[in-house]
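Enquirer: So the protein sequences, as listed, match chains B and W. Taking our numbering, the leading residue of the first sequence gets 1, the next gets one more, and so forth. Taking our numbering, the leading residue of the second sequence gets 1, the next gets one more, and so forth.
Source of the hints: derived by calculation from the structure; they are not laboratory data. Any given hint could be a false lead.
What the hints assert, rightly or not - Subject to a maximum C-alpha distance of 27 Å in a straight line, what follows is the list of computed DSS-like cross-link-like pairs (lysine-lysine):
| hint | chain 1 | residue 1 | chain 2 | residue 2 |
| --- | --- | --- | --- | --- |
| 1 | B | K65 | W | K96 |
| 2 | B | K7 | W | K42 |
| 3 | B | K65 | W | K56 |
None of the values given here were measured: they were computed from a predicted structure.
Residue-level listing of the chains:
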Amino acid sequence: SAVISQKPSRDICQRGTSLTIQCQVDSQVTMMFWYRQQPGQSLTLIATANQGSEATYESGFVIDKFPISRPNLTFSTLTVSNMSPEDSSIYLCSVQQGSMNTEAFFGQGTRLTVV
Amino acid sequence: QKEVEQNSGPLSVPEGAIASLNCTYSDRVSQSFFWYRQYSGKSPELIMSIYSNGDKEDGRFTAQLNKASQYVSLLIRDSQPSDSATYLCAVELEYKLSFGAGTTVTVRA
Chain B
1 SAVISQKPSR
11 DICQRGTSLT
21 IQCQVDSQVT
31 MMFWYRQQPG
41 QSLTLIATAN
51 QGSEATYESG
61 FVIDKFPISR
71 PNLTFSTLTV
81 SNMSPEDSSI
91 YLCSVQQGSM
101 NTEAFFGQGT
111 RLTVV
Chain W
1 QKEVEQNSGP
11 LSVPEGAIAS
21 LNCTYSDRVS
31 QSFFWYRQYS
41 GKSPELIMSI
51 YSNGDKEDGR
61 FTAQLNKASQ
71 YVSLLIRDSQ
81 PSDSATYLCA
91 VELEYKLSFG
101 AGTTVTVRA
């Protein structure tokens, strides 16, 4: 499986500021995915990032709040903008591989606390 | 209705016993199904994938899929304390995964 490096691993941020999370993959992948895992809850897909096109956002997530870049086939960033305490979560980068290209593998996650 | 539902747990089993985890999904078109294990403070780790009806075994893990009943299960045989974790069921639809809420399993030594 791909090796996915995500950073920072954790951060504590002031409300109203923004944080950019980076995700680097050791192989070229068409799609990269960003998830949020709120405390004690399961994973929710934020958006799908394709190289060369705008990210596709899931219901409840908007580009102004979570802008995503995908400059090449091995790298993506997710920015959490104008943060509030409700944004305190773990953010996970993922790629999909396997015979049907649907097996998801995750980076180590970014634990964000907004104060 | 939630897209993916799991038995809520927590589930406590003695060491050496079988842990049984269940998952139902709402979209009949889904074709790929997964079980992930997540240790506290860690990211999810894929332990089983299943695409066809029936059973799939990998070591102490067996996944069972019944598309007609829209049901996926995971059996963990000879449970070990290291199996204590949250298990997430995931269902794929159009290359996107939907995850269940997870079932926390504790294996008692």
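Enquirer: Does W:K42 lie within 27 Å of B:K7 when you go C-alpha to C-alpha?
Expert: 14 Å, holds
Enquirer: Would the pair B:K65 and W:K96 pass a check requiring their Cα atoms to be no farther apart than 27 Å?
Expert: 21 Å, holds
Enquirer: Between B:K65 and W:K56, is the straight-line Cα distance small enough, at 27 Å or below?
Expert: 41 Å, violated
Taken one by one, the earlier hints fail for this structure only at number 3.
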